[in-house]
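**Student:** Go by the hints and put chain B onto chain A.
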Amino acid sequence: MDLYEAMKKRRMHRRYTPEPVSEELLEKLVYAAGRAPVAREGLRHIVVVTEPDVMAAIRLIAPGFYNNAPALLAVCADLALATEVIGAGTADEVCAMDAGAAGAYLSLAAVELGIGICWTSSWTPPPVQAVLGLPERIKPYLLVAVGYPAPDAPKAPRRFEPSVHRERWTE
Amino acid sequence: MSDDERVFELAAFLVSSAGLTLVEAPRSGSVRLLMAASRLVDSFEPDDPFLRDMKASIDENVVKVMWDYEGLVTWLNDLTARLGAESLARQSRINQSRADREEEA
Numbered sequence: 001m002d003l004y005e006a007m008k009k010r011r012m013h014r015r016y017t018p019e020p021v022s023e024e025l026l027e028k029l030v031y032a033a034g035r036a037p038v039a040r041e042g043l044r045h046i047v048v049v050t051e052p053d054v055m056a057a058i059r060l061i062a063p064g065f066y067n068n069a070p071a072l073l074a075v076c077a078d079l080a081l082a083t084e085v086i087g088a089g090t091a092d093e094v095c096a097m098d099a100g101a102a103g104a105y106l107s108l109a110a111v112e113l114g115i116g117i118c119w120t121s122s123w124t125p126p127p128v129q130a131v132l133g134l135p136e137r138i139k140p141y142l143l144v145a146v147g148y149p150a151p152d153a154p155k156a157p158r159r160f161e162p163s164v165h166r167e168r169w170t171e
Numbered sequence: 001m002s003d004d005e006r007v008f009e010l011a012a013f014l015v016s017s018a019g020l021t022l023v024e025a026p027r028s029g030s031v032r033l034l035m036a037a038s039r040l041v042d043s044f045e046p047d048d049p050f051l052r053d054m055k056a057s058i059d060e061n062v063v064k065v066m067w068d069y070e071g072l073v074t075w076l077n078d079l080t081a082r083l084g085a086e087s088l089a090r091q092s093r094i095n096q097s098r099a100d101r102e103e104e105a
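As given, the protein sequences belong to chains A and B, one line each in that order. With the numbering used here applied, the first sequence covers 1 to 171. With the numbering used here applied, the second sequence covers 1 to 105.
For the record, the hints were derived by calculation from the structure and aren't laboratory data. Everything numeric in this text was worked out from a predicted model, so none of it was measured. A portion of the hints provided could be inaccurate.
List of simulated lysine-lysine pairs, DSSO-like, C-alpha gap at most 30 Å [what the hints assert, rightly or not]: (1) A/K9 x A/K155; (2) A/K28 x A/K9; (3) A/K155 x A/K28; (4) A/K8 x B/K64; (5) B/K55 x A/K28; (6) A/K8 x A/K155; (7) A/K8 x A/K28; (8) B/K64 x A/K9; (9) A/K155 x B/K64.
Pulled out of the complex, with its shape left as it was, chain A reads as follows (with noise of 0.2 Å):
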């Protein structure tokens, strides 16, 4: 598919068929993240998530993960890791925006395979840090919900719009 049309074509589900995701796809979605621009070596983690008491779990303590797909991925980073190499100061917002790096992309690939996905940030880390078991030191950012779109999934929102400037900031 063409990059462009990717691009058009890509929006954000929340309801989804019951039907699993294979373990193929999920490790291309995981391709895809992984492809995305990171700042340093050993900061990005992802956790693939299929097991239903996991997935239920989640439901419970993540207020934003409104939707019933089967599986997830939640692109983490190792915050100390960050801070050590990249510096206290800019660390969190240097992981968040790798997330969202990688967000993007996994966006773009799960059109290209015709999946469906979800980013989720509406959470706080400590519970979710809790049910998928990561150390202190990672950090979850996106909790990304994985399946096949509902066929009477309602029609996407309207996009938002960049505003776009040149040269200097006009009003």
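**Tutor:** Frame of chain A; chain B shown alone:
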């Protein structure tokens, strides 16, 4: 699912939301409460058309917080107005039923 499990699920969602609302925009707190109401109805599956309709309406409209805040406010004002009228009607039925029982006694 047992009542205890249902209560745990809703309590977990509410407490997790409490942590989240400390760092979210206030309007998101409204969304968390609406989602909790939806989950409550979903969990106990009451034989109550008003509650089922309310849940369906919540599920359809709550995502407006992301792109149509004014639409969310308009919908929520309408929903709460209907909830007020429904509350009054139910209270009237409860009071009438109580009065009937007292009269029989």
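**Student:** Now tell me if each hint is right for this structure.
**Tutor:** Hints versus structure:
{"no.": "1", "hint": "A/K9 x A/K155", "result": "holds (12 Å)"}
{"no.": "2", "hint": "A/K28 x A/K9", "result": "holds (18 Å)"}
{"no.": "3", "hint": "A/K155 x A/K28", "result": "holds (26 Å)"}
{"no.": "4", "hint": "A/K8 x B/K64", "result": "holds (22 Å)"}
{"no.": "5", "hint": "B/K55 x A/K28", "result": "violated (37 Å)"}
{"no.": "6", "hint": "A/K8 x A/K155", "result": "holds (14 Å)"}
{"no.": "7", "hint": "A/K8 x A/K28", "result": "holds (20 Å)"}
{"no.": "8", "hint": "B/K64 x A/K9", "result": "holds (21 Å)"}
{"no.": "9", "hint": "A/K155 x B/K64", "result": "holds (13 Å)"}
Hint 5 alone, counting from the list given before, is not met by this structure.
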